[in-house]
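Fit chain C to the known structure of chain P by using the hints.
Residue numbers (our numbering), protein chains in the order written: chain P, 1 to 375; chain C, 1 to 555.
Everything labelled a hint here was simulated from the structure, so no lab data went into it.
There's no promise every hint is true.
Unchecked claim - Stretches of chain C that chain P covers, calculated by requiring three or more beta carbons in the stretch to come under 8 Å of a beta carbon on chain P: (1) 448-461; (2) 468-475.
Claimed, not checked - Anything over 12 Å on all C-beta distances counts as not near chain P; from chain C, calculated: (3) Arg187; (4) Arg193; (5) Thr253; (6) Leu256; (7) Ala257.
For each residue, glycine too, the CB sits at the ideal point set by N, CA and C.
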Amino acid sequence: MTLTLRAVEVELGGRPVVCGVDLDIGAGETVAVLGPSGAGKTTLLRAVAGLTPIAAGAMQLDGQDLAAVPTHRRNFGLMFQDHALFPHRDVAGNVAYGLERQGVDRAARRSRVGELLDAVGLDGYQSRRIDTLSGGEQQRVALARALAPRPRLMLFDEPFGALDRLRREQLVADVRALLARTGVPALVVTHDHDEAFALASSVAVLRAGRIVQQSSPADLWRAPADEWTARFVGHGDAVDGIVGGASLLDGHRDVATPWGDVPVPSGAAPGAVRVVLRSDALSIARPDAHARRDSMPTLVGTILDATFRGGRTVARVRLGSGPPVAVVTDDAVTPGETVQLGCDPDAVLLYRSGAPQPASTSLDAEPVAGDENAQ
Amino acid sequence: MDVDRRRLRRRVPTPPDLAGGAPLSPGRGSGAGILLGALPLAYVGWFLVWPLVAILGRGLVPRGHVQLGPMVDVVANAATRHVVVFTIAQAALSTVVTLAVGLPAAWALHRWQWRGARVARALSLVPFVLPTIVMAAAWEALLGPGGPLASWTLVPSLTAIVLAHACFNIAVVVRVVGASWSRLDPRAEDAARALGASSFTVLRTVTLPALIRPLVAAAAIVYLFCFTSFGVVLTLGGISRNTIETQIYRLTTQQLALDRAGALVVVQLLAVLLTLAVAGRAERRGARFAIRSAAARRRPDGAADRVAIAVALVPAAALVAVPFCTLVARSVSASFAGYRTLGATSDVLGTSPLDALRHSLAVAAVATAIALAVGGAASFALAGPRRRVPVLDAVVLLPLGVSAVSVGYGFLIALDRPIDLRASWWIVPLAHATVAIPFVVRLVVPALRGIDPKTREAAAVLGAPPRTVRRTVDLPIARRAFVTAAGFAAAISLGEFGATAFIARAGAPTAPLAIYQLLGRPGTANVQSAYALAAVLAAAVTVIMLAGERLEGTL
Numbered sequence: 001m002t003l004t005l006r007a008v009e010v011e012l013g014g015r016p017v018v019c020g021v022d023l024d025i026g027a028g029e030t031v032a033v034l035g036p037s038g039a040g041k042t043t044l045l046r047a048v049a050g051l052t053p054i055a056a057g058a059m060q061l062d063g064q065d066l067a068a069v070p071t072h073r074r075n076f077g078l079m080f081q082d083h084a085l086f087p088h089r090d091v092a093g094n095v096a097y098g099l100e101r102q103g104v105d106r107a108a109r110r111s112r113v114g115e116l117l118d119a120v121g122l123d124g125y126q127s128r129r130i131d132t133l134s135g136g137e138q139q140r141v142a143l144a145r146a147l148a149p150r151p152r153l154m155l156f157d158e159p160f161g162a163l164d165r166l167r168r169e170q171l172v173a174d175v176r177a178l179l180a181r182t183g184v185p186a187l188v189v190t191h192d193h194d195e196a197f198a199l200a201s202s203v204a205v206l207r208a209g210r211i212v213q214q215s216s217p218a219d220l221w222r223a224p225a226d227e228w229t230a231r232f233v234g235h236g237d238a239v240d241g242i243v244g245g246a247s248l249l250d251g252h253r254d255v256a257t258p259w260g261d262v263p264v265p266s267g268a269a270p271g272a273v274r275v276v277l278r279s280d281a282l283s284i285a286r287p288d289a290h291a292r293r294d295s296m297p298t299l300v301g302t303i304l305d306a307t308f309r310g311g312r313t314v315a316r317v318r319l320g321s322g323p324p325v326a327v328v329t330d331d332a333v334t335p336g337e338t339v340q341l342g343c344d345p346d347a348v349l350l351y352r353s354g355a356p357q358p359a360s361t362s363l364d365a366e367p368v369a370g371d372e373n374a375q
Numbered sequence: 001m002d003v004d005r006r007r008l009r010r011r012v013p014t015p016p017d018l019a020g021g022a023p024l025s026p027g028r029g030s031g032a033g034i035l036l037g038a039l040p041l042a043y044v045g046w047f048l049v050w051p052l053v054a055i056l057g058r059g060l061v062p063r064g065h066v067q068l069g070p071m072v073d074v075v076a077n078a079a080t081r082h083v084v085v086f087t088i089a090q091a092a093l094s095t096v097v098t099l100a101v102g103l104p105a106a107w108a109l110h111r112w113q114w115r116g117a118r119v120a121r122a123l124s125l126v127p128f129v130l131p132t133i134v135m136a137a138a139w140e141a142l143l144g145p146g147g148p149l150a151s152w153t154l155v156p157s158l159t160a161i162v163l164a165h166a167c168f169n170i171a172v173v174v175r176v177v178g179a180s181w182s183r184l185d186p187r188a189e190d191a192a193r194a195l196g197a198s199s200f201t202v203l204r205t206v207t208l209p210a211l212i213r214p215l216v217a218a219a220a221i222v223y224l225f226c227f228t229s230f231g232v233v234l235t236l237g238g239i240s241r242n243t244i245e246t247q248i249y250r251l252t253t254q255q256l257a258l259d260r261a262g263a264l265v266v267v268q269l270l271a272v273l274l275t276l277a278v279a280g281r282a283e284r285r286g287a288r289f290a291i292r293s294a295a296a297r298r299r300p301d302g303a304a305d306r307v308a309i310a311v312a313l314v315p316a317a318a319l320v321a322v323p324f325c326t327l328v329a330r331s332v333s334a335s336f337a338g339y340r341t342l343g344a345t346s347d348v349l350g351t352s353p354l355d356a357l358r359h360s361l362a363v364a365a366v367a368t369a370i371a372l373a374v375g376g377a378a379s380f381a382l383a384g385p386r387r388r389v390p391v392l393d394a395v396v397l398l399p400l401g402v403s404a405v406s407v408g409y410g411f412l413i414a415l416d417r418p419i420d421l422r423a424s425w426w427i428v429p430l431a432h433a434t435v436a437i438p439f440v441v442r443l444v445v446p447a448l449r450g451i452d453p454k455t456r457e458a459a460a461v462l463g464a465p466p467r468t469v470r471r472t473v474d475l476p477i478a479r480r481a482f483v484t485a486a487g488f489a490a491a492i493s494l495g496e497f498g499a500t501a502f503i504a505r506a507g508a509p510t511a512p513l514a515i516y517q518l519l520g521r522p523g524t525a526n527v528q529s530a531y532a533l534a535a536v537l538a539a540a541v542t543v544i545m546l547a548g549e550r551l552e553g554t555l
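With the rest of the complex left out, here is chain P:
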């Protein structure tokens, strides 16, 4: 099973919401489409499901053109963020719905329902009413319901957004295992990069209806395609900088920024650039650990505040006249304290200067695509 999207365009109310999207999902592969709300993710997913018609482009599953296939004949599984379970049916009735549509007989339905409920950890819930289930249980029923008719492709719309972190991590793991076991290709759309990174082997970043980058989660994080994507996956603010000439002493180059002179990879071309410090770029250099790379220029900043997160301390540091930067450290820091910072040149991201990037300050407002949920 291979899903192929070529130059797909979708319009809502006459406005283009998805513009020329190319996407491939191979057998057993899970691809996440990651984007801020309003980027057109849900619209793209609905188009794949056949719930929204495409305005242009081609959509094929194993070479079969999907445009002429109505939703109910596609045999896809779809999981909504808010479950959309059938309130008038019990758990078994929900899971059996797709099987009934396929004309599966009662006995076979019952055993398949049991099998699926077992797989999602809800065995014995068959006759429970939907409104007696917790959010996580409902999500598991929705997953079982979608998988029961052995779909050719699974679609997830913000699948775990409504769950608390603990349940979510558990469910993400379960879904990964289930998808791997069944070999069903899957498309996940989400605004949450943790969710995307946890589920998918490949992540496509969607911005204002266009895919700006598709790569593995690690590559996406390590080398975002542009300033906006860098900010979207969680790196810092961008500033203007000028890359200078190579040092006569050791050949390293610096970029002059409002933060001060920051080292850059040796291949960087001189000239005006936009500079983003990846979130692992800076480290606090204590005087005793300082001697390791004495050629490295040292930045001096002032701690603004510090937050304890995930076992480490994230400090916001005032550096020169630039915007505050985040530094992760294992040491205790005090607001107001002056610290020296080391900088890893390979974690300094440089982007072409000139093109205005207003979106870098407004991730959640995409005037072009508008509200994708207003169908």
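Here is chain C on its own, set in the frame of chain P:
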């Protein structure tokens, strides 16, 4: 007054709201989908638009060319002016009295949670579903000859009309205003009180402004009910007190002045539309206050609260309970003479009261089936994609603006073509269904719209074509609304009087018609039969409504 059941308590969302949610059937419009829109269009076209066109023809084009003469004559006529003024005056007076009695009752029933309040709230809705002719009979029993208050000689009188109108429109005020009142956030009032406002000032400056929308809505509904009142005015008003509705009836059936009656129908239609427009404007001007999703009712605290609640409830309770208790008491007087003769053929009716009741039940069953089929189809089409049947919304709700008497009159003059239905048994259930359809639509459409579109999409993704989605998702989820709609349609049909008065065949009256005819004839036996039949009909309607609720509860 039978018109009133047709107007629902809630305002139907305007067409732009239809855009909300996903189409019932994704993708192209299916054949079934087009049929869903075409069936109600054809029905309303045949059984409402065509009769209306015929009426307009009678009123404006009486002799093959447009003549404003009859129209102008009718409007300029002093007698007509008198009728119009009386119609407006009695409707306005009835509305004021209804609000004066109904608002305290709404406050007592919906602002407070006391023992028995739940039962009282349910009971307060009963008068609303009772046939208007039963209401008229109950007041006749109380105020008319032989009644406990006969010495007041209030039948016929304007007072009797106003009291009867107030009696069952209290339910509208309690329901419409009470629903909002119970959900009003009490903290706004608490804040005003903390700022130094007295109880009365709080009511004047916070509570009433917050309730302006439901107040206007309730007042508009009550006004329209009373404006188009028929059975009550005919029974309690005597010969000299005529509203536009009764005047149309008298002109048609007694004076055979069809041209003038047609012109009056046009006047009536315009007046109703004007009222709706004015009410709509006033309602939109009202502020939307923060309300809670759930009722926030307080428990009475101390004797003062309990006394206040009792004082607020007494007028409404008395207004409803006294006439009905009198009706029941008089129906069983003379050792159940009225009931014992129900099976006997009456000279007045040409049949037995029991046969009239059987006729009504059969008509109600057929009318309910038609109304559910046509109204259900219209609801599916309306809750679906917006542009499939553009005029459907307006057309299906059209009967709301047309009085029952106009429907009956239109049936009488128009349904000889293409098939002559005027002598057919079917004409009565068809008229009742026409009256009931907008009601069904108003109950079912919100239920269908309330279904999360994603539920339908989930079904489609799981392999259900649009037809199957309707059968396996929409129908089961909206079942409660369908059951309620069936109960209301049956109640409307059992109580319908205005249209039926025109079209029922002689010798085959419906129960309300039989009650009216028996009441209108002298003789203790006739009157006792009328009261007995009224009591039985009231019981039948109540049982059907409760059965609908019960059925829903157990399913």
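> Within the assertion that chain P covers the region 448-461 of chain C, do at least three residues meet a Cβ-to-Cβ distance smaller than 8 Å?
Replying inline: holds (count 9)
> Are all C-beta atoms of chain P more than 12 Å from that of leucine 256 of chain C?
Replying inline: Holds: least Cβ distance 55 Å, greater than 12 Å.
> Going by Cβ atoms, does alanine 257 of chain C stay more than 12 Å from chain P at every point?
Replying inline: holds, 54 Å
> In terms of Cβ atoms, is chain P entirely out of 12 Å range of threonine 253 of chain C?
Replying inline: holds, 50 Å
> Was arginine 187 of chain C rightly flagged as not at the interface, with every chain P Cβ beyond 12 Å?
Replying inline: Non-interface label stands for arginine 187 of chain C: nearest chain P Cβ at 29 Å, farther than 12 Å.
>> Beyond 12 Å on every Cβ pair: is that true for arginine 193 of chain C relative to chain P?
In response: With a cut-off of 12 Å, arginine 193 of chain C remains clear of chain P, as the shortest Cβ separation is near 38 Å.
> Within the region 468-475 of chain C, is the number of residues with a Cβ closer than 8 Å to a Cβ of chain P three or more?
Replying inline: Our answer is that it holds, as 3 residues pass the Cβ test (under 8 Å) against chain P, meeting three.
Going through the hint list in order, the structure satisfies each hint without exception.
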